[in-house]
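J.: Dock chain R against chain Z, hints included.
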Amino acid sequence: VIELFARLSAEGNIESLYEQGRRLVGQRRWDGAIEALCTALLLTHSREELYAPACALLRDAFAGSGDVRSALSLSWYAPDREYQRELLPRVPPIDRARTLAQWASASPSRSSELYSQAARELEEAGLLARAAIYYERAEEVKAARALWSRLAQLLDAQRAEVYAAGLARFNLARTSGLAGDERAAREATVAAVHSLEEAADRFESVGQRERAFDCYHVLIAIGKLSHGFEHVLEGSVNAIRILSEDNLRYHALRLYDHAIRLAERADESSAAATLAREMADYARKQGLGRIALRGVLLQARLWQTVAEQTLERHGPAQLAENAYVASLLASAEVGQYATVGAIYRRLGELELDPARREAHARSARRYAGARNGTLERGQLDERLGKHVPPPDVWHVDLIEWEERGSAAEACADVVLDPDEESDRITRRSALVGRLVAIAAEQTPAARSARAAVVVADYLAPIGLYSLLAPLEATFARTEPAARLAAVRALSRYFYKRTFVTLEQALRDPDFSVVQEATAALERLRFDHAFDPLSRIYRTAPRPEARLAALRAIARIDVVEAAELLLGALEHGGPGEREAAVAALKVARGARFVELARAALPQASEQLKRSLSEILRSRGLGV
Amino acid sequence: VAAPPELARDPAVAGPLGSLALSVVRPHTPTLGLRALRWHRDLDRLGVRMPLAIVHDFGLLLACANEQLELGDRVDVRALIAGTRSGDALLAGYRALIEEVAASEAASKSRSLLLSDDIVVVLLARLLGSVAERISISPTYASGVPLDAALLERIEPQLPALYASVNRAHDLAALSELLGARLYVLTLVDALDLDTLQLFGMLGGDAARGALAQVDLLAALGAPEANDIVDFSLEILPSVLEAKTKPGASSFAAFGYAGLARKGSMDSLVLTELAWDSEELVRRMADDEVLYYSRELARDEARRVHHFLIDASASMRGQRTTFARGMALAAAKKLLLSGEDVTFRFFDSRLYECHAARGGQIPVAYLLSFRGERGRNPARVFAELARTLELGRLRDPRDPVLHLFTHAGLYIPRDTISEVTRRAKLSAVFMLPSGGELHLDYLDLLDAYWMVDQRVLSSRGDRAEEARRILDDVGTRAPDGAAGPSSTRSPRSARVSRPIEEPT
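Protein sequence lines, in the order shown, are assigned to chains Z and R. All you need for our numbering is the position in the first sequence, starting with 1, plus 769. All you need for our numbering is the position in the second sequence, starting with 1, plus 782.
Just so you know, the hints here were simulated from the structure itself, not pulled from any lab data. A couple of the hints might just be wrong.
What the hints assert, rightly or not - Here chain Z is said to cover these stretches of chain R; the calculated rule only asks that three of the stretch's residues, wherever they fall, bring their Cβ under 8 Å from a Cβ of chain Z:
#1 1186-1198
#2 1226-1235
Claimed, not checked - Per label pair, the in silico range of CB-to-CB distance:
#3 R:D858 <-> Z:K1354: 48 to 58 Å
#4 Z:E951 <-> R:D1197: 22 to 32 Å
#5 R:D1197 <-> Z:V1355: 52 to 62 Å
#6 Z:R928 <-> R:R827: 25 to 35 Å
#7 R:R827 <-> Z:A1250: 22 to 32 Å
#8 Z:D925 <-> R:R1204: 47 to 57 Å
#9 Z:R1385 <-> R:Q850: 52 to 62 Å
#10 R:Q850 <-> Z:H996: 52 to 62 Å
#11 R:G829 <-> Z:R1134: 47 to 57 Å
Just so it is clear, CB atoms sit at the ideal spot from N, CA and C, and this is done for glycine as well.
With the rest of the complex left out, here is chain R:
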């Protein structure tokens, strides 16, 4: 018996498990069913209450490869709902809906993405959330199935009894609402933003952070503007992904040999040096002429930390947000690939907490879904930033580099900007000035700035090209060393996407 009698008597177990009698997707292993229990539990936490059967079927279609499951009834459910006409119609309709979902491009694409449980939960919440809201009958049972695959192993014979053990009004009402919203659900399935999921794969998602990230991602999936951010990021990412950490050479015994050097330990001495007679060898050693094999540099901690300051005030509404966050995502990825450290901070009238990209993982969902829009107070925000930088200098030896993504109406007092630029390099990208021009009195204090206007954003090629050009600048300015100037540009070399008049 899958569910022992003491559990089978508990409505919190029998309720959800018994609903599987309505399921029309059969997994080939019970562990897949276990995943469904997890999804069901997490959806409950997000406030989406749907019968386990529906969560199970939709989830498996989105998360599992075709060969791991098959479509078909788990038990003869018609007997359970007494063969009523409405019951028959419900079951037939539900089966047809599941077949349509299974055949959809979104489902087949998502199956190939090997989605984690957290992401499946978010997708299910997106698909089923509005249907769940419409169910007028509350469930008569709470959900409390232990996460144990044994409970699902060969459960089919037990399903009729489990199904009959609790009132199923909520389950049937859920099916009915689902069918009533059939076209809407299918529209949602078709519109599932799998590009966002792809972005997670490319940039390193933060879904593993649990419920908080689930909420962020759910918000991102529901926001049309997030799609634009994702598309824009994907548009410019291929060029970004070419960036690679360039190894340096050192004398430490790590990695492989990189070349020859005049300093090193005895174990890396070039053997032919021993061919010199002893007096000559001593002289060469004294004059640092002896050659050693040098080793690849074991990269120490990056010497810079890049802070991405992204404006989240209401002034950024619309396309400004798209471009700002998309650019921030791509630029951060580029810097990460170059071995730099990156953090993100949003601001409106407050400077929000810092989110670091850890282990190369960018908090994508957070970046896509963050909503500030509580006023605007750049004087306070940048004064706080200056203080934070000052404190950071005592604790962190790395040089801070600031990248600001904002709009053209961000009037920061000059004195405050001076305070900030005394402590860190600061570059800025100004999005879409609504008047078409940039009139800010602190531009000459910035190390570099760019203005992105409507013309650039609207045009197909220019947009990505412009973004890539800015990213290239960020890339060349970022690492000290081989490529490009090692420090930020002087104000005179500050570039804009198109000529603008000098600030007055």
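Bound-form chain Z, shown alone:
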């Protein structure tokens, strides 16, 4: 079957392919029917009323040919419970469990029973993480807890799995808490924090900041669960740092906003105020004046809250004074001088030493009659949006770990994910990917490399984060053809994690893999790719890879990229200078232009020539 998928192409008319398939199914000519209908399924842009029947017919064809797994997979697209029930005894436990889980999500009244049944199937198959999740959904906390405990012990023994161990411990802490065992929950929390801190540190030191981000996200969840605001702060501040270092400025600002709210809720106004100050500074640096203004006003309000809370608790007047002063400075920064005057009057009433009070009273008189600057509605931009936390990584990432790079399982996750139902094209592509992956699993070992290539080619256009793991597994194979296919596919996955594999590919013993990886670098240019691209530029062993990274960086419009390019123009070798000039001539970003103009007066003659050439070719004055 894998050869069939290898030669298929998305050509033809779905209606005629369906007719052809129907005729062949009627004649029980399964191979022909499968070929026609699989071609139909490749037409992922087709209307649903044409696509769904083609799926159902292909399901029958696979069932007829004896490929029950593929048939069941197709039945997930448009579920038919009676049909699925017949197939269940003939498929592996994981597929049975997936089907039961699909039924459970469609039948709220029987949800617990079905999830429980699915969990038992998985437990028997040794798939502990997914089984524990299903037990949780079945509200069988004790069973879930036992499985998380087993998994945590298993993972603790593997030094390389410290992140997964942290997640398992966190799940154990959650379920222990739900089971009312506070002591066990505390111990599991401590162990989870140990592992996640270590994992985050390790990920950051090898440049995988996005994985460290996940660790910090779990730390926030741990803080919320254990009522330890220290962990919430740790997670939030570091997650914000990673987002801002990756130039994901709106995500960073939304998380700032969210963290401030969490701090307020935890009665940590002082921490909230410092976060608001940083938020304003960051927004200002990014040229987002309206959000900066909002941050400053928020800061002013929060410092006032700190002062008032201190006074309410009969705390030291000096603490309240400092908080009021911080508040009035923030207010003055945005021209709210009437507010400044009011705060000075309040300061004059505090139980401070008489000289301080008199000084404040004198200052208050200066602002008599001062007015607050007008803040127009448009200036207070509220469109920052809400922070959307990442999914429950303590489940998702453990499932990924358990699936061990199986394309069939990763595609099944997409097909059965209710969130993907709105994106039909992706779901259909994943369905085809699942069929190809099942075919690959059935291919004899001698031809498995060829099968892996076909699977990678089918996964390439999907581009979902959850499919990175199968492509990484393909890249880990010994056959150069498989590695080449993996890199080719990965060049369409716009994630920072993609670069982890690409960096390895740049050192591959097979030159064609290196060439493919080099070409991929120039395609993968997005703001938060700057960090891995700059690392490749600094460390790649081959000059062509460094130049490709430099060309990609030239298309990224962030300050750090502009600074790196300026450095390359000034201190790089002739090849680098040439590549940078050529790329910058056709780039569109404004940051480099600003930096170039600022650098021109002090630039060396050589740099002046390069900068003038770039600016002139873009039609800009020097």
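T.: Only chain R this time, still in chain Z's reference frame:
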């Protein structure tokens, strides 16, 4: 002529010097003007570009006593800016602003503090930094005035020519922005944190370390939480400053006589010993009964070194930082006054480099402004600490004592803590557990620990009292000898600010 013709033709000299035509503060000696040149140069390095005249006027008001300067125009500047209405208004407004700054409490207080040039630069950066950012016109001249007082001596007659020799658009734009931000600048002047400067005076600042410390101090002045740290330190410092090195007695010829001893050299023999007959004297010498004058001990190197480990992770945000750093400052001062050696190390997911208090000088600005917040990895940090202590033992004969200031969520593996406590005494202060309780499995391995909770911090008297009590404990545990137990307490005697349940 103050500026020789070859320099007067150089825009890098004429530009800054000529701007003094706009100045409205007249120093009585040219050396004060020289200080202004230094401030101007350092501000430039910090990225704050303002005309020399403004730097000169604000700086002198903050740094020099009243009798060293007077307010008033240096030259008839109206003629220079062609008497335009906006020019007149600018000059009048600027003069009024300078008068207001001169009359402010902050300026008069700062003048009494005899600030060093480095600190003046930091204050100027704080006051003028945001105005400088708003100036849209770039200066047409670079700044490169040689630091020579002769250039400023009787410069007034030369100012009109120097002023006219370069384009002054930037200077006038700076004045305009300054006046536009008049209330903001005055608010900044009023809010200048002179307590921080006072803390420098009391604890020994590190501004002399140059630009790096300037950046640290600038960050500290801009951070509202630094004010709290300073206030808290000042609150508890008076009791700390009572600590004094207690002299011991020795037989070395140093300092004065301290008392009588049975060992010593012939030159310190008590003369009445010679009244014994020779046989008795020999017996007394053989039996160590002869009395000598003993001398005050010339203190050898301290036998302990105290390492202050301060948590700089994001978990410390808010009041935890205030209390931790304030306590660390005060406790370190107390130990220094007792003749002990002190170092500071921050940590988050890394153990940062060690900063020693040298010659009794605490790196205050560094302590106030340090920002870590790059993750958290106590397992790694404390394992590294154990290794550092092990290596240190080979090089340094002094006994290490560790003082940890952290939060209640610092989960250090027990094994690692055991490694550390095998090599050094370790006490810890845990700040403000957000859940109100302390659940750490290594508490019994510590030599002492304290928990400071919200109740203590919020209450006016309790906070300082609690801090003083902890400091007293640190003080009594620190020096070997006269006062208190000579070594750290056993785990059973570990104290907390309020009863907490036993760790499970």
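J.: Now look at each hint and say whether the structure bears it out.
T.: Against the structure, the hints come out as follows:
1. 1186-1198: Answer holds; 5 residues pass the 8 Å Cβ test.
2. 1226-1235: Contact hint for the region 1226-1235 of chain R vs chain Z: violated, 0 residues under 8 Å.
3. R:D858 <-> Z:K1354: 48 to 58 Å: holds (54 Å)
4. Z:E951 <-> R:D1197: 22 to 32 Å: holds (24 Å)
5. R:D1197 <-> Z:V1355: 52 to 62 Å: holds (58 Å)
6. Z:R928 <-> R:R827: 25 to 35 Å: violated (48 Å)
7. R:R827 <-> Z:A1250: 22 to 32 Å: At 58 Å between Cβs, range violated.
8. Z:D925 <-> R:R1204: 47 to 57 Å: Cβ of Z:D925 to Cβ of R:R1204: about 25 Å, so the range 47 to 57 Å is violated.
9. Z:R1385 <-> R:Q850: 52 to 62 Å: holds (55 Å)
10. R:Q850 <-> Z:H996: 52 to 62 Å: Check passed, 59 Å falls within 52 to 62 Å.
11. R:G829 <-> Z:R1134: 47 to 57 Å: About 35 Å separates the Cβ atoms of R:G829 and Z:R1134, which means 47 to 57 Å is violated.
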